[in-house]
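Residue numbering for the sequence shown follows our numbering, beginning at 559 and increasing consecutively.
Possibly wrong hints are sitting among the right ones.
What the hints assert, rightly or not - Distance condition first, Cα-Cα at most 20 Å in a straight line; then the derived DMTMM-like pairs of lysine to aspartate or glutamate:
#1 Lys664 x Asp651
#2 Lys631 x Glu600
#3 Lys631 x Asp641
#4 Lys631 x Asp651
#5 Lys664 x Glu627
Simulated from the structure, these hints should not be mistaken for laboratory data. Since this is a predicted model, take the numbers as computed values, not measurements.
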Amino acid sequence: MNLSELQARVREVNVANGWRQGVSADSSPLESIGLLGLIMTEVAEAIEEVRNGSGVNPYYTTYYTERGEALSKPEGLPSELADVVIRAFDVADIFGIDLAFFIDEKLSFNAQRGYRHGGKRA
559 MNLSELQARV REVNVANGWR QGVSADSSPL ESIGLLGLIM TEVAEAIEEV RNGSGVNPYY
619 TTYYTERGEA LSKPEGLPSE LADVVIRAFD VADIFGIDLA FFIDEKLSFN AQRGYRHGGK
679 RA
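I would like the entire structure built from these sequences, with the hints used as guidance.
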């Protein structure tokens, strides 16, 4: 699956699960600032996974749907990093941003920059 297809899949799942209610391309970024906050929340959850010592290996917990169906919920740093990307794709899609294009454009720019962008620390 390429990045554009992945962005479309994020849209499909998030629309079906009600995450797009009240937000549209007509919303201003300011009105949708909560969506950007969700990205930050996922980053914070990734940090907590590291702080809690879960390492880079995923782990799974049992999650029950509203209908009582048991699902195996992925947890840990890999899952939280996936959530960061999912949220970013969702915000981009809402505003009609082709994130795959801009990732490629930004990587092309970054490739031309100097080592650590002129000596910046990590």
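A quick look at each hint next to the structure:
1. Lys664 x Asp651: holds (18 Å)
2. Lys631 x Glu600: holds (15 Å)
3. Lys631 x Asp641: holds (13 Å)
4. Lys631 x Asp651: Measuring from Cα to Cα gives roughly 25 Å; hence the hint is violated.
5. Lys664 x Glu627: Roughly 42 Å separates the two Cα atoms, so the pair is violated.
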